[in-house]
Amino acid sequence: MSCSPFDLRDYFLRELADPQQRQVEAHVKVCQQCREELDRLRITEAALVSLRDEEIPQRIAFVSDKIFEPTPWRRWWAAFWGSTARLGFAAAALLSVAIAIHAFRPAPAPIGRENSRAAAAVAPVSEDEIRQRIQAAVDKAIPEIEARYAKRADQLVKAVELRHLEERRRIMAWADRLDLEDKATRMSAYNFRESK
Amino acid sequence: MIFRAVEDADLIRQAARGSVEAYNLLVSRWEKRVYNYLLRITGNREDALDLTQDVFLKAYQNLRKLDDPGRFTPWLYRIAHNEAYSMFRKRRPETDVEDIEPGGTGMGITVGGSSVFPIELSLAVASALERLSPEQREAVVLKIYQGFKFEEMAEILSCPISTVKSRLYTALELLKIELSPVKARGLS
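Residue numbers (this note's numbering), protein chains in the order written: chain A, 65 to 260; chain B, 25 to 212.
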């Protein structure tokens, strides 16, 4: 049992405050028993530290690729969803905007009244009159459609004739060129024979 | 004293804002210490390496929850302690954690090539440490090898300072008896 004013082991492990540390230091100088105990502790510690730290066999592989690093925007987004306060504030702001829009929007006209006015403006029409109107519209539309079709057919015929004429001209020109080439070939063959 | 251009606290702040480079630098500063802590409480190199990897991954995921960067070290070791004990429980769920003994005798061959200490002494130390209970051994590792204060040890082990001191002083008494004659022989 130690007679030190404070725990000798606390002193040895440097866990005492400075004044207490100094008191124990002074005590140990004059106390043989405590000095011997302190020596035993020092020997034990020295033996323990003979076991050295090992080198780590493999460096800790931590993702260092830039690709895996979150962008500022993603960090902000993650922080936004992770923060209850921010989410609450955003929800309150959205609600305020919705209330403001609702307050300043012009009120829509009542639907029921408008419909009754339109209904009143339309006078009642008999079935015969409707039939006559339809017949008149059909009679008017048929000649218009026929005239439109006739005009379009005429345009198509003219276009075909024009294209046929152009085609014929191109073929004639091609035949003329072939004929000329044939003549030239014959002429050169004749000249070749003559030169021999 | 080693001069550090960037303090750990600055790296922690940068890493918390998403800088992987800052976190990598932090890992490179602490990986050896954390590995050796885990090696001494598990007694197995592979387990220690796997756990070290897990510890730094978990620390990165939870870095934003660390309010005071000045408390990074005990916070990191607390994660390491939890990871190690979680592994012990998974392996032997029916066994009480107090009865769990580290596997293998990895510490017994831990003698650095440039060590000035005789092999006999290192083996005796490893053997003496293995005879301690896991809690006593962890207390010795945190105090003697890792240099933590009682307050930090209490935080890491999640127990009162009185418990920390009790475990450590009991362990030191046992080690003193075991190692005094060996040390005397080793250095003579």
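A hint or two may mislead.
Straight-line distance between alpha carbons at most 25 Å, and here's what the computed SDA-like set of lysine to any residue pairs gives [what the hints assert, rightly or not]:
#1 Lys89(B) / Glu70(B)
#2 Lys222(A) / Gln199(A)
#3 Lys89(B) / Met111(B)
#4 Lys173(B) / Pro83(A)
#5 Lys56(B) / Ala46(B)
#6 Lys56(B) / Ala110(A)
#7 Lys114(B) / Pro98(B)
#8 Lys173(B) / Leu229(A)
#9 Lys247(A) / Ser259(A)
#10 Lys114(B) / Pro93(B)
#11 Lys173(B) / Lys222(A)
#12 Lys89(B) / Phe144(A)
#13 Lys173(B) / Glu89(A)
#14 Lys173(B) / Ser259(A)
#15 Lys173(B) / Asp103(A)
#16 Lys200(B) / Pro158(B)
#17 Lys189(B) / Lys247(A)
#18 Lys173(B) / Glu144(B)
#19 Lys173(B) / Lys247(A)
#20 Lys189(B) / Met236(A)
#21 Lys173(B) / Ile143(B)
#22 Lys189(B) / Arg86(A)
No lab work stands behind these hints: they were computed from the structure.
Status of each hint after checking the structure:
no., hint, verdict
1, Lys89(B) / Glu70(B), "violated (29 Å)"
2, Lys222(A) / Gln199(A), "violated (35 Å)"
3, Lys89(B) / Met111(B), "holds (23 Å)"
4, Lys173(B) / Pro83(A), "holds (18 Å)"
5, Lys56(B) / Ala46(B), "holds (17 Å)"
6, Lys56(B) / Ala110(A), "holds (21 Å)"
7, Lys114(B) / Pro98(B), "holds (24 Å)"
8, Lys173(B) / Leu229(A), "violated (108 Å)"
9, Lys247(A) / Ser259(A), "holds (18 Å)"
10, Lys114(B) / Pro93(B), "violated (31 Å)"
11, Lys173(B) / Lys222(A), "violated (107 Å)"
12, Lys89(B) / Phe144(A), "holds (16 Å)"
13, Lys173(B) / Glu89(A), "holds (20 Å)"
14, Lys173(B) / Ser259(A), "violated (121 Å)"
15, Lys173(B) / Asp103(A), "holds (22 Å)"
16, Lys200(B) / Pro158(B), "holds (18 Å)"
17, Lys189(B) / Lys247(A), "violated (123 Å)"
18, Lys173(B) / Glu144(B), "violated (30 Å)"
19, Lys173(B) / Lys247(A), "violated (116 Å)"
20, Lys189(B) / Met236(A), "violated (117 Å)"
21, Lys173(B) / Ile143(B), "violated (30 Å)"
22, Lys189(B) / Arg86(A), "holds (21 Å)"
The structure shown violates the earlier hints numbered 1, 2, 8, 10, 11, 14, 17, 18, 19, 20 and 21.
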